[in-house]
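*Asks:* Each chain, written out:
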Amino acid sequence: MIELKNINVQFSGRDILKDVSETFQPGEIIGLVAPNGTGKSTLMNVIMNYVKPNSGKVVVQEKYQYTSKKNEVKIHQLVSMMPEQSDLYNHLSGKEHLRIYCSMWNSNPKLIDQTIKDLGMDSYVKKRTGTYSLGMRQRLCFAMQIVSDTPIMLMDEVMNGLDPNNVELISSILLKKKEEGKIIIVASHLLENLEKISDRVFLFKDAQLINANEITSGYGKREITTVRVKDLTDAIKEMFYQEFPNTEIRSLSSGISLVDVSNYDLEQLARIVIFFKEHHITDFSYGNVTLNDLYSMYYLENVKR
Amino acid sequence: MWAYFKFELSQFITNKKNIAIYAILLFLACFYAMKIAPSYEPIEKVDAKEIEARYLSREAFLSTFYNDPNRFVGMAGFGLAIYPEWNNLDKARLDALKDHDFVKYSEATSEWYVYANNITYGNERFFYSPGYYSHGNLYASEDGYYGYLYTASRYKGYAEGDYKLSLNVFEERTALQTLQRLLHSDLPMILMICCIFLTVDVVLKDRLNPTILRGFPISDWKKLIIKGIVSLIGSIGVILPLSVGLIIIGIRYGFGDFQLPVPIYTTLSKPSYFNKGEFVNTAMGNYLVDNVIFIVFCFMYLILLVLLVSMIIKNEFANLLAGAIFIFNESFFFQRGIGFFYEVENYPTNYVQVGQIVSGYRNYIYNSNALNFNHGLMIVGMSTSVLLVFIFIISKYKRYKLI
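Sequence order for the protein chains is A and B. For this note's numbering, add 447 to where a residue sits in the first sequence, where the first one is 1. Mapping the second sequence onto this note's numbering, position 257 (from 1) lands on 242, and the numbers just tick up by one.
Hints are computed from structural coordinates only; laboratory data are not their basis. Hints may be right or wrong, so weigh each one.
To be verified - Every beta carbon over 12 Å from chain B, so not counted as near; a handful from chain A, in silico:
1. Gly503
2. Ser515
3. Arg546
4. Cys588
Said to hold, decoys possible - Within a straight-line C-alpha distance of at most 30 Å, the following computed BS3-like cross-link-like pairs (lysine-lysine) qualify:
5. A:Lys629 x B:Lys383
6. B:Lys(-9) x A:Lys574
7. B:Lys20 x B:Lys34
8. B:Lys383 x A:Lys521
Backbone N, C-alpha and C fix where the C-beta goes; we use that ideal spot for every residue, glycine too.
Chain B with its partners taken away, still in its complex shape:
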């Protein structure tokens, strides 16, 4: 078996298509690190001028209306009630920034976001940061709610933690935070697409050299398992070209810290408009480990899916199609909030947004409390086991020929 493993691994490494995939990933990682990452504009920026402008305009309002006999007419009274505390927090943030006291800034900012969210959510006269109100986004207010409390939790973690703080950390620009952001967006899908492309020909390539390979004294079942292991190693290997990009980002913006807080949205009961969950911080290291474990499970599922389709249909296009269905299936039926009505947590295809599953964001937008790391591992793991059983049965069938 070891000999066959070495043979398959060398085949995999020298496969031109695989080399091209790694080269493209390396290029994309460098391009991202040099061009896209520097232009990243977080919605929740550290912007002293913006804080000051807001602070001064509220101060002007307060000084104008404080002694005004008509101060209780219209919304002025409401403004007088809420602005002093809000401005205290903005003042504390401004002072902390001026003093370069990042711990105090974190404390004040965390409180600021909680306070701002309490006033803004469900209030038609107040708005979250403009970045949430993108074109066509019907859920800007919900996104703002999530974003504000996420940011509040994050800053609370910064205030309580023991690591070097910086503006780059606050704006999530360090290498580890960039990775976290990418895992929260399209990186898991990109990795899974790479996994499919790396695996798509792992069985079918043998058709090009049948007389060399089919006489090998090793069973089809073992061949398939070894091919799967090699594909898994190769798929995990995409970390290598991607890490080049992270190193570049790390050199420019710092690498971050494995203890940095990552807010996880958690809900104990089924959430609703009035009953939302809360954020609990976990360490960056834990978050990344959970992501890696989950992605490896998804890789295993995808690899076995491609192996099974290769065995039955023997067509690379069919392999791509099967893999694509797994990755993109969710987007065909996804609607915000349907988790309240349907058991979306029982479909393995709903776990491809790995970073969002681990962070709890998927629960938030599905309005569910069941799409979590443990349940996801169980569902994807069980689906993987079912595929494995099918592959075992077919490969042991006496008349079945792999090549």
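So that you can see chain A by itself, here it is in the shape it has in the complex:
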């Protein structure tokens, strides 16, 4: 378990993290979503003690805090952060990198071959990393952290530079690690993927960590909560409000409008279909609010009513 207690971080008088308190449990994948420069990496750096918070503390496994250098070593035995691909040693092979991580965390050496196999790295893992493509380097960085085998893993932009196949591959490994009881905190811009693998997703707003479930009732539920309509004009919207007076519509910058139908029964849903048909709107679908929608709502445009 890892607890963040009232974390405050300021850079040059600007709040980066403000009173952040959250607890992450074993067997959870936590997604972090925010535009660049809004605090995701800072939060991870605080968890790793690379950045000292102005106030607040990180508690790992209910007993370890960054109160001494000795504790820092103990915490780093439990918490690891995925390295950045630009930091790889170009003169060393991928396998040598994996061996370094395996030996530093004293993990099971069998994990090296297993991870190479799982990530399909056999063909290039013995070559110098200086010859690797972006995707190969990214997979290696991910593999290094998997090989460290720590109970808590922090991954910043883990899906960067990966093709859809590799995104799926890494996602499946993350889910496997989750089953093993690890806490995995992932920051990513691949929102669809993040939504799929994460147990909880947090967005950063005004230096605070906001649980996506708390932003709108339509997110993360396994029922019809939203009608997604494309190119809904203001005139039709007005008519819609007249017919369905207590309904909320959110217009996103992508041209999509989200009609909140969380509390609607079948009959009401059918009436909406009839309304759209009468007004010659054909491009709409039923479902729930996606992380992409939340991102658009939160970061791209003010919510319109």
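Since the structure of chain A is already known, use the hints to place chain B on it.
*Replies:* What follows is chain B alone, placed relative to chain A:
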């Protein structure tokens, strides 16, 4: 810790800058062995022609003046008093060389140098070998005194010892003697400069790969100690390329013997113009071991100095500067004889000329009796301990980040 040690060691070995240093040293060692060592011209050469010329001219003097009624006029009487014994010794040297009896040559040569020094030192009419009178050397006579008695002691050792003697041994051309000569001159400083260059980036290189390294579950203190150990091993490793040069010299001129005598200048009381020390021979093996121990202590001091500066200033140029100050500091204030007035033995920077400290030459030119192996180890060791304590305190400081 072992895993981190292996990681750091592999980093050190594969570091291009370090490889370049070893390659340059290998080149210099070979160049020295092939070009510089063969052209070495000792001041005290084994030169039968020179001995014979000196012998014959004195013999001519003696035969001319021996029965001359004016033989006590001017300096002739002095010449008649001192030349017979001097020539006896030269004759013994010449005969020994002719007979290839190196033991007898050693005995006669040792006595010759003592005798020659007794007459030459402080005498304006006699001079030491011309090699001491180099341009600008105001202390040629003092150097001659040291050189003659050093040579006398050395030859005495050859006469008493049980090892194979040769002209190369007499002229200190064998591999071990060449090493001894180099340790007496610039080799310790070259080794220390190499040590600084090998260590200069051992901490700061981690800034190039921060996300890989800073999460390692090992404390900064242990990281620094391991980095120091790796740097020390690497610095001692410069022996490898240098030994190639020594092997080449050994093949050409012989390797020498670990029992060969090395004269050590010793003084029991504070020396003066009239009260100088004496030479006591030690075995080459002992001399080299003492040098190695001393150089390793200096390496440890330098490595910890560079680690400390790396921690505080985080700039490689600052590391170089700090190391350079340690190595070259002495040359800024050095003056012959100031050891009589100042406690020069208490400054760690005065021990960089390791070979000269062990041989006692530094005492001779400082006019001191305190710059010796044991005191040097204590001073450098204590300075090293102080640096270690600083590094420990800073690395344990909660807010300090190594990377």
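*Asks:* Next, verify each hint and record whether it holds.
*Replies:* Checked hints:
1. Gly503: The claim stands: glycine 503 of chain A keeps its Cβ more than 12 Å from every Cβ of chain B (closest is about 15 Å).
2. Ser515: The claim breaks: serine 515 of chain A does not keep its Cβ more than 12 Å from every Cβ of chain B (closest is about 7 Å).
3. Arg546: Violated: least Cβ distance 9 Å, not greater than 12 Å.
4. Cys588: About 9 Å separates cysteine 588 of chain A from the closest Cβ of chain B, which leaves it inside 12 Å; violated.
5. A:Lys629 x B:Lys383: 28 Å, holds
6. B:Lys(-9) x A:Lys574: 21 Å, holds
7. B:Lys20 x B:Lys34: Holds: lysine 20 of chain B and lysine 34 of chain B sit about 26 Å apart, inside 30 Å.
8. B:Lys383 x A:Lys521: 14 Å, holds
Consistency with the previously given hints fails for numbers 2, 3, 4, ordered from lowest to highest.
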